[in-house]
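Peer 1: Read top to bottom, the protein sequences are chains A and B.
Residue 139 in this note's numbering sits at position 139 of the first sequence; the count goes up by one each step and never skips.
Residue 154 in this note's numbering sits at position 154 of the second sequence; the count goes up by one each step and never skips.
Hints are computed from structural coordinates only; laboratory data are not their basis.
Every value quoted in this text rests on a predicted model; they were computed, and no experiment measured them.
Mixed in with the good hints there might be a few duds.
No copy is singled out in the list; a pair is fine if it fits within one copy or between any two copies.
[Stated by the list, open to error] Taking lysine-lysine pairs in the DSBU-like style, the calculated list, with each CA pair at most 30 Å apart, reads:
1. 28 x 205
2. 14 x 44
3. 205 x 170
4. 190 x 170
5. 14 x 28
6. 205 x 44
7. 44 x 28
8. 14 x 170
9. 205 x 190
10. 143 x 170
There are 2 protein chains.
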Amino acid sequence: MSGSLVVVGTGPGKAELMTPATLAALAKATDLVGYGPYLDRIPKTRPDQRRHRSDNRVELERARHALSLAAAGREVVVVSGGDPGVFAMAAAVFEAVETGDPGWRALDIRVEPGVTAMLAAAAEVGAPLGGDFCAISLSDNLKAWTTIERLLRAAAEADFVIALYNPASKARPHQLAQAFEHLRTIKSSKTPVLFVRAAGTPEAKVVTTTLAAADAAQADMRTLVIVGASTTRRIGRWVYTPRSEGAAS
Amino acid sequence: MSGSLVVVGTGPGKAELMTPATLAALAKATDLVGYGPYLDRIPKTRPDQRRHRSDNRVELERARHALSLAAAGREVVVVSGGDPGVFAMAAAVFEAVETGDPGWRALDIRVEPGVTAMLAAAAEVGAPLGGDFCAISLSDNLKAWTTIERLLRAAAEADFVIALYNPASKARPHQLAQAFEHLRTIKSSKTPVLFVRAAGTPEAKVVTTTLAAADAAQADMRTLVIVGASTTRRIGRWVYTPRSEGAAS
Chain A
1 MSGSLVVVGT
11 GPGKAELMTP
21 ATLAALAKAT
31 DLVGYGPYLD
41 RIPKTRPDQR
51 RHRSDNRVEL
61 ERARHALSLA
71 AAGREVVVVS
81 GGDPGVFAMA
91 AAVFEAVETG
101 DPGWRALDIR
111 VEPGVTAMLA
121 AAAEVGAPLG
131 GDFCAISLSD
141 NLKAWTTIER
151 LLRAAAEADF
161 VIALYNPASK
171 ARPHQLAQAF
181 EHLRTIKSSK
191 TPVLFVRAAG
201 TPEAKVVTTT
211 LAAADAAQAD
221 MRTLVIVGAS
231 TTRRIGRWVY
241 TPRSEGAAS
Chain B
1 MSGSLVVVGT
11 GPGKAELMTP
21 ATLAALAKAT
31 DLVGYGPYLD
41 RIPKTRPDQR
51 RHRSDNRVEL
61 ERARHALSLA
71 AAGREVVVVS
81 GGDPGVFAMA
91 AAVFEAVETG
101 DPGWRALDIR
111 VEPGVTAMLA
121 AAAEVGAPLG
131 GDFCAISLSD
141 NLKAWTTIER
151 LLRAAAEADF
161 VIALYNPASK
171 ARPHQLAQAF
181 EHLRTIKSSK
191 TPVLFVRAAG
201 TPEAKVVTTT
211 LAAADAAQAD
221 MRTLVIVGAS
231 TTRRIGRWVY
241 TPRSEGAAS
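Using the sequences provided together with the hints, build the complete structure.
Peer 2: If you want it as structure tokens, here you go:
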């Protein structure tokens, strides 16, 4: 049991947003474990480094594989997108530790923080997360839709800015439309809504609209959606949420 | 009006968590504008670079100064801690743009995302932000305490993990205790509570406790507090929130 396991995130996609600490962990690893497209973002640094590619929806299985490699003495890095602690692999690793081989609890495990999608998306458009905010994953693979509706309702009623992760996929095309419908019953129709695709990459694309006009079809798997608070404001091409309740009014 | 303004964050403190994009912006700047202790984190890269230090509580004034430098043709970088879009300088810059010289709207303004404190804090202890979560600033310099209580209540009732920024300062020693009192009326007394001081630096210190036992005196200006959801779990030295509602139970 002399190996180690580090959970890292690649950030939004381009190398300039990956931290030096993450790059150092990747360079030191004997084994990289992750979803194929995330592994493809990592430059080859050592010829003997093994890459273990997996599909998207097998987080726990992937985590167990990584832990068993570490237990066998390998220097393992588990590769997520964004920040590994936000709707990503770090939670899966600790769930695998809790439910797996008791020896795994003694392993040298570490998490390296990264730039999560909502921060890169916010930076593309200004400072929409400048006030109090929340992050909700719209994927109901892992939780009930009624739970998601409860979170949306609470966030809207309390007037948080809302960052929506996993707003849509081929298997779940209708949920974002349902979420907008739900939010329209609570929030002003003029609330700014942002669709930020491929944030933090050269292909970044921003659509700024309102809750009334927001069309769920504009989101795909690479989109992060931000729904403003009552104070969120548009000035020209920028959108921001003032820190102060009474700002600029 | 040929200058530019980039808003960056230093991340949690150590250079290894500052992105290459941020380091590149800093290296290119003719002028750095920021709160003194944040500027002190930046290595000197060019001898002709001017540093404009300011106090902590003058964000709008600092933003206007930075914009006027950019309007005069300088390459300006505004330096925040963490991520500049989360309870930091980016919102102040856009507020200054909205309320200031109309010519400022035509300036070349950009925001570089960074690693915000809650991500570094979460990484120190495992994956407490693994589920849906919110970020609330406890500072009532800029908003009413009744607003903060409304946010806390909504977050607790909806069962978000809660990250508390600015939990305490010399001028506000009692608010975190009030926040815990408020949360105890809604959440289980066994809810995990984490005090993470100087996250992402070599001096990082973690206290893991419960909502019943949480002592607000353990927080200071460098502490990030995380209050778990009902699903947040402790395994040995680690704390994580499963992505799935029914995980590991």
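Peer 1: Would you mind marking each hint as holding or not holding in the structure?
Peer 2: Evaluation of the provided hints:
no., hint, result
1, 28 x 205, "between (34 Å within a copy, 26 Å between copies)"
2, 14 x 44, "both (15 Å within a copy, 26 Å between copies)"
3, 205 x 170, "within (20 Å within a copy, 43 Å between copies)"
4, 190 x 170, "within (29 Å within a copy, 39 Å between copies)"
5, 14 x 28, "both (20 Å within a copy, 20 Å between copies)"
6, 205 x 44, "within (29 Å within a copy, 34 Å between copies)"
7, 44 x 28, "both (11 Å within a copy, 29 Å between copies)"
8, 14 x 170, "within (25 Å within a copy, 40 Å between copies)"
9, 205 x 190, "within (21 Å within a copy, 44 Å between copies)"
10, 143 x 170, "within (18 Å within a copy, 41 Å between copies)"
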